[in-house]
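Following the hints, put chains B and C in place on chain A, whose structure we already have.
The primary structure of each chain is shown beneath.
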Amino acid sequence: MSANQHGQHAGHSTGSHAGGHAAHGDSHYVKIYFILLALLTVSIVGPMIGIKVVTLITAFGIAVVKAYLVARNFMHINLTPRYVIYAVTTTLVFMFLFFAGAAPDVMKSHGTNWEKPGWIAAEKAYAAGDIVGASFGAAIQGHGAEHGEGHGEGHGEAEGHGDGHEAAGH
Amino acid sequence: MSSRPIATTRSAAGMPTPRLAVWWLIASEIVIFGGVLGSYIMHRLAHGIWADYAANTNPWIGAFNTFVLLSSSLSAVLAHQAAERGDGKRAANLLYLTTLGGVVFLCVKAFEWTTEISHGMTISANTFWSFYYTAAGIHAAHVIAGGIIMLFVAQTAKRNEELHRVEIIGIYWHFVDLVWIFLFPLLYIAK
Amino acid sequence: MAESIRVDHAAHHDDHHGAHHGGHEMSFTEKYVFPLDHKMIAMQYMFTGMFMALIGGFFAYAFRWQIAFPGTEAPLWGQVSPAEYNSLVTNHGSIMIFWVAMPVLIAAFGNYLIPLMIGADDMVFPKINRLSYQIFLISAIVILSSFFVEGGAFGGAWTAYPPLSTKAEYSLTPLGSTLWITAVALEFVAFLLGGINFITTAMNSRAPGMKMWDIPMVVWMIVIASILFMLSVGPLLAGGIMMIFDQNLGTAFFNPDKGGDPILWQHLFWFFGHPEVYVVLLPAVGIVAEIITVFGRKKLFGYKTVLYTAIGTGVLSFTVWAHHQFIAGIDPRMANVFTVTTLLISVPIAEMMFVYIATLYGGSITLSTPMLWALSFIFEFLIGGITGIFLGASGNDIFMHDTYFVLAHFHYTFYPIAIIGTYAGFTYWFPKMFGRMMNEKLGKLHFWLTIIPFNTIFLPLFVLGAAGHHRRIFDYRNFPELSHPWMWDLQALATYSLIVMLLAQIIFFYNVITSWISGPKAPKNPWNANTFEWTATSPPPHGNWPEGLPTCYRGPYEYSHPDRKGSDFWPQNEPG
Chain A
1 MSANQHGQHA
11 GHSTGSHAGG
21 HAAHGDSHYV
31 KIYFILLALL
41 TVSIVGPMIG
51 IKVVTLITAF
61 GIAVVKAYLV
71 ARNFMHINLT
81 PRYVIYAVTT
91 TLVFMFLFFA
101 GAAPDVMKSH
111 GTNWEKPGWI
121 AAEKAYAAGD
131 IVGASFGAAI
141 QGHGAEHGEG
151 HGEGHGEAEG
161 HGDGHEAAGH
Chain B
1 MSSRPIATTR
11 SAAGMPTPRL
21 AVWWLIASEI
31 VIFGGVLGSY
41 IMHRLAHGIW
51 ADYAANTNPW
61 IGAFNTFVLL
71 SSSLSAVLAH
81 QAAERGDGKR
91 AANLLYLTTL
101 GGVVFLCVKA
111 FEWTTEISHG
121 MTISANTFWS
131 FYYTAAGIHA
141 AHVIAGGIIM
151 LFVAQTAKRN
161 EELHRVEIIG
171 IYWHFVDLVW
181 IFLFPLLYIA
191 K
Chain C
1 MAESIRVDHA
11 AHHDDHHGAH
21 HGGHEMSFTE
31 KYVFPLDHKM
41 IAMQYMFTGM
51 FMALIGGFFA
61 YAFRWQIAFP
71 GTEAPLWGQV
81 SPAEYNSLVT
91 NHGSIMIFWV
101 AMPVLIAAFG
111 NYLIPLMIGA
121 DDMVFPKINR
131 LSYQIFLISA
141 IVILSSFFVE
151 GGAFGGAWTA
161 YPPLSTKAEY
171 SLTPLGSTLW
181 ITAVALEFVA
191 FLLGGINFIT
201 TAMNSRAPGM
211 KMWDIPMVVW
221 MIVIASILFM
231 LSVGPLLAGG
241 IMMIFDQNLG
251 TAFFNPDKGG
261 DPILWQHLFW
271 FFGHPEVYVV
281 LLPAVGIVAE
291 IITVFGRKKL
301 FGYKTVLYTA
311 IGTGVLSFTV
321 WAHHQFIAGI
331 DPRMANVFTV
341 TTLLISVPIA
351 EMMFVYIATL
361 YGGSITLSTP
371 MLWALSFIFE
381 FLIGGITGIF
391 LGASGNDIFM
401 HDTYFVLAHF
411 HYTFYPIAII
421 GTYAGFTYWF
431 PKMFGRMMNE
441 KLGKLHFWLT
451 IIPFNTIFLP
461 LFVLGAAGHH
471 RRIFDYRNFP
481 ELSHPWMWDL
491 QALATYSLIV
501 MLLAQIIFFY
511 NVITSWISGP
521 KAPKNPWNAN
531 TFEWTATSPP
541 PHGNWPEGLP
551 TCYRGPYEYS
561 HPDRKGSDFW
571 PQNEPG
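Chains as they are written, first to last, in the numbering used here: chain A, 1 to 170; chain B, 1 to 191; chain C, 1 to 576.
It is worth saying that the hints were derived from the structure and are not from the lab.
Heads up, a few of these hints could be off.
To be verified - Footprint (simulated), chain C over chain A, 3 or more residues, beta carbon under 8 Å:
| no. | stretch |
| --- | --- |
| 1 | 96-102 |
| 2 | 116-128 |
Unchecked claim - Straight-line C-alpha distance at most 16 Å; calculated EDC-like pairs for lysine to aspartate or glutamate:
| no. | chain 1 | residue 1 | chain 2 | residue 2 |
| --- | --- | --- | --- | --- |
| 3 | A | K52 | B | D52 |
| 4 | C | K524 | C | E547 |
| 5 | C | K299 | C | D214 |
| 6 | A | K108 | C | D331 |
Quick caveat, the model's predicted, so the values are computed rather than measured.
A virtual CB, placed ideally from N, CA and C, is assigned to each residue, including glycine.
Isolated chain A (complex conformation) (with noise of 0.2 Å):
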């Protein structure tokens, strides 16, 4: 909570705020948005280039640029109290905390006493041609082509529950 003075009732009646508004006109807001629009723009073009590394930073990078450009202008969060940016900022933190916990097990295939038979039938099946990726279907299926649309029935779990996280409940 703020170190504002306390007691202080801010007028409700006005439409000014409590920390005021720098003194922009609607054109500040206008050039913001072709700024945005320009953005926008390289980042369609960045995965044209074909570089991994051109297409991550044109996507994300300006997509942080832009996160931050509405944020302070359209939002206008560098004119609320500071506790606002840090809760914000907090749900970020807590959000990577979470990424980082579940991360190491959710991207392995194999771990402690479990495997994943669906990840595993498709990689085989990726670097052995089969599937295209191209190919959405049923292509992770992983146990041939006969499962179909596999909406839950199929034998598919019948198989590979024996051997998959069940297994380590004991």
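Coordinates of chains B and C only, in the frame set by chain A:
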């Protein structure tokens, strides 16, 4: 509006109550999107094959929708400026324009999804498509909710009442826009 | 007293009264069914929570009977079938945490106390407040309705691990599982709305003069708990949507055969599930802080220390979640990290307990009913906390996992939080809530008849767990080599104690009803306490202080202050 408690009019934390509340709402939304996008990124990094699935998305549609949302954000912030000046009529009209942006976004989305689903890229096709529809679907739900609330806000703003609400719904709308700014590269561009 | 209350914000004041009280009497529906008043919404939460507690307690009775006397019919229930057993256990856990601890500790006490204790006339968003209760009520109806659908209620434990929760072939509850996760998701939405209301109210609507260190501890705790809830529940809400899709749309987020990962659900769940423990703990320790200072007539020892330990606990609670998954096959290196953080979190909590003991030291203690509950909270929670250290060590947990030791451990934490904390707060604020004094004799009888059986339920379970008794066994007669006669005796002792404890609650409800009707009228400030709520009439009217909202002049715990002549308490609203 009728009875507003004295509690609502106080601002011991140095910020009007509705604005403070919408920032807390955004904080709680960040973790909702953080959960689903974090899970998606874990899978995306781990599975080489997902890049090929992602190649089936249409970046032009995604880019167009980004453009639509950015434009609606501009009209939302201009509505806020109009409300600051006490021009409720203009604010309401700009809010209607913003809502229209949301509607266009959803129509494009509907067209895009129909095409993809008819080509077999359904939500249950594989985990990539599950994440694709779930993440974008949660986002679309926010667009719908924001649009509906915006219509109510515009209704009161037109009568020059409760003009502070224009800013509040605007902040929320920018947040929805922000989420899309990250969804766009995650789902469409990174291949 | 009236002269000490500065009329605050006069212009708004008049508007306000014109609107709230002017002219029209509120109809029954406006006042009790769809109220906007924070106190009435608090009562709705309180009684919904207590009703759900009765259901959850009855479930416990039914499956405890099956555990101790398998094959015999439980009176009032009948023979418990294996499927019923699973759904009873699952819903006992879910109901007690999501529909009892949360609504009573956070929502009921939060709604009742925050505006009164910070000197406001209501929550900042009364309509959102009402909406959050309505969503909560719907979620309660959904969870109860799951018992009446085809296949019965969900039986895959309150943690809902896939594939048991996502595949109807395994759970055999095609509708029950979806209703369960839907109810939980709705409940989260309700508390997100409520939480925003609590946080904003406490931040923005404090009385003039109330600085950060003048806020009563229970308000701080409910706010910190709401923030923790808000920051932890998001991933699980997203996970809940993913699970509903897995159940009904054929996606495979948590299905390893089709490219998903069941461990991901466990991470999503426990990233919320562990902070959730602290979400319900913090309001309870806040309530205890209020009670031990009033009935010890001493200033809270180390106000800021309590606050910082609460924040520290909150932050640390986001780093410990995978200690629930030590044997799920998580990366062993991560298990080491989570062991260390888990053991670390006992440091701030232990510090908080020491502060409470230091507060009691040298005080002139009155052993009233609320004080007995508060003291027993400290004592019982200590047992829960210390046994947690055994389980936090990953090596030891491999043996202890899923035994009755774990069960006894978390009941020694949750029971003090949800039951003892609630009774402490309820008996302490009863005069304010209902304008009558409770019967002390009945209150103490109820206390002893609850606390003693509580210990005789769960202490034996520690022993059983250490001996290797597994907590998910429906009928131990099928494992004669694992169950000695003394084990059966201890199980029977636990079940008999549970029945005694449940019956003892009749005393409580009798006491509440008779005191409410014919108890002695409560004065404004029966306990000679300092905080604002005791300056309003008992019960406070709509708007809380029709004569004008109070102004704050000092901290909430100025008991037995040397500068204060002639009285051992110094209300926050008295100038000078």
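Status of the hints after comparison with the structure:
Only residues whose beta carbon comes within less than 8 Å of a beta carbon in chain C count, and the stretch 96-102 of chain A has 4; three or more means the coverage holds. Counting residues of the stretch 116-128 of chain A whose CB lies closer than 8 Å to any CB of chain C gives 5, so the stated coverage by that chain holds, three being the minimum. About 14 Å separates the Cα atoms of A:K52 and B:D52, which keeps this hinted pair within 16 Å; it holds. Of the pairs offered as hints, the one joining C:K524 and C:E547 holds, with about 14 Å between alpha carbons and a cut-off of 16 Å not exceeded.
The suggested pairing of C:K299 with C:D214 holds, with an alpha-carbon distance near 12 Å, which does not exceed 16 Å. For the given pair, A:K108 sits about 9 Å from C:D331 by alpha-carbon distance, which is consistent with the 16 Å threshold.
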